[in-house]
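Visitor: Use these hints to put chain B onto chain A, whose structure you have.
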Amino acid sequence: QKEVEQDPGPLSVPEGAIVSLNCTYSNSAFQYFMWYRQYSRKGPELLMYTYSSGNKEDGRFTAQVDKSSKYISLFIRDSQPSDSATYLCAMSAINNNDMRFGAGTRLTVKP
Amino acid sequence: KAGVTQTPRYLIKTRGQQVTLSCSPISGHRSVSWYQQTPGQGLQFLFEYFSETQRNKGNFPGRFSGRQFSNSRSEMNVSTLELGDSALYLCASSPTGTANTEAFFGQGTRLTVV
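In the order they appear, the protein sequences are chains A and B. So for the first sequence, the working numbering puts the first residue at 488; every next one is plus one. So for the second sequence, the working numbering puts the first residue at 118; every next one is plus one.
Here chain B stands alone, though its shape is the one from the complex:
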């Protein structure tokens, strides 16, 4: 069974640009959550999508947005990039999203903003 796939693995962008990250969940999983991981703040919840609807949102500015497609694949977009957006972005998929005990993470996309 294939795991959670995130693309691209590495990305370098310039301040002010925008970026789109992709996450393909485990087959059959309908919930996708996104997290930002930095050395200073650790892992922080961005948002969660279930059946194409955003069900939960963390405390991040509106520059961070996402969406989910009918096949459960999800994309995350960051507009007007800032240096502080440099981080490892992780997505986690789970079957129903009612229990985090079944959440599986991808390897992440490492974003560097210069």
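Next comes chain A alone, as it looks inside the complex:
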């Protein structure tokens, strides 16, 4: 079993839809939870991060962490074609730069 599990998709939605992306993990030491977006032929771009449990909102994006269930989510509201990319969850323990990544979910938003 991988330390971080993420459904690779692909996921295809119409423009304007709400997108839900999820990851589960097994290491209870993880305290930082990040979401990255990666366009084709580009490096990952940090979208949001959350420390420990809770929710965080940034514009159309909302990140949720449920440590009791070892489950994190990223919601994208009013999805746009420009949101089409691969979304990677990542997590790490405190004071540890060894980030563990999910496999990435490929999202396509159709106009």
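These aren't lab readings, by the way, just hints derived from the structure by calculation. Note that CB positions come from ideal geometry on N, CA and C, so glycine has one too. Misleading hints may appear alongside valid ones.
As the list claims (entries may be wrong) - Coverage of chain A stretches by chain B, computed from C-beta distances (three or more under 8 Å per stretch; other residues unrestricted):
| hint | region |
| --- | --- |
| 1 | 525 to 532 |
| 2 | 574 to 584 |
| 3 | 588 to 598 |
Claimed, not checked - The calculated label-pair distances, taken between Cβ atoms and stated as ranges, are:
| hint | chain 1 | residue 1 | chain 2 | residue 2 | range |
| --- | --- | --- | --- | --- | --- |
| 4 | B | T229 | A | E544 | 39 to 49 Å |
| 5 | B | E199 | A | G496 | 27 to 37 Å |
| 6 | B | R147 | A | N542 | 25 to 35 Å |
| 7 | A | L498 | B | T122 | 27 to 37 Å |
| 8 | A | R564 | B | N188 | 41 to 51 Å |
| 9 | A | K489 | B | R132 | 23 to 33 Å |
| 10 | A | S555 | B | V231 | 45 to 55 Å |
| 11 | A | N542 | B | I129 | 40 to 50 Å |
Guide: What follows is chain B alone, placed relative to chain A:
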């Protein structure tokens, strides 16, 4: 503010050769981490350097090594290349390296081993 710069962007090498990849972090950032990205394994941590010292290491063979210079620039070396080393190699820089919430990635070096 300039981002993380990786050179070269693309590289083709033959099995058995060695290769050196370079990463220039964002100005003021002292931590540089290296990752390997492949379709099968995804993103995997190689190692992290902070103030010229390797602070953390992933589960890769000794053929993979790195170093960091006093200006925080980092190089990664792979010796005796194998076909399975074909991948996108990414580096990420952060100011202090104590929180990955501030890690920024470069565009990567795509290495193809033939």
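Visitor: Decide, hint by hint, whether the structure agrees.
Guide: Right, here's what the structure says about each hint:
Counting residues of the region 525 to 532 of chain A whose CB falls under 8 Å from any CB of chain B gives 5; the rule of at least 3 is met. Closer than 8 Å: that is the beta-carbon criterion, and the region 574 to 584 of chain A has 6 residues meeting it against chain B, so the requirement of 3 holds. Look at the region 588 to 598 of chain A against chain B: 4 of its residues bring a Cβ nearer than 8 Å to a Cβ of that chain, three or more, so the hint holds. Checked against the hint of 39 to 49 Å, the C-beta distance between T229/B and E544/A comes to roughly 41 Å, which is consistent with it.
Look at E199/B against G496/A: about 30 Å separates their beta carbons, and that is inside 27 to 37 Å. For the hinted restraint 25 to 35 Å between R147/B and N542/A, the CB-CB distance of approximately 32 Å keeps it satisfied. The hinted range of 27 to 37 Å is satisfied by L498/A and T122/B, whose Cβ atoms lie roughly 32 Å apart. Checking the proposed 41 to 51 Å range against R564/A and N188/B shows it holds: the Cβ atoms sit about 42 Å from each other.
Checked against the given bound of 23 to 33 Å, the beta carbons of K489/A and R132/B, roughly 29 Å apart, stay inside it. Against the hinted window of 45 to 55 Å, the Cβ-Cβ separation of S555/A and V231/B comes to about 49 Å, which satisfies the hint. Evaluation of the 40 to 50 Å hint for N542/A and I129/B yields a pass: the beta carbon distance comes to about 46 Å.
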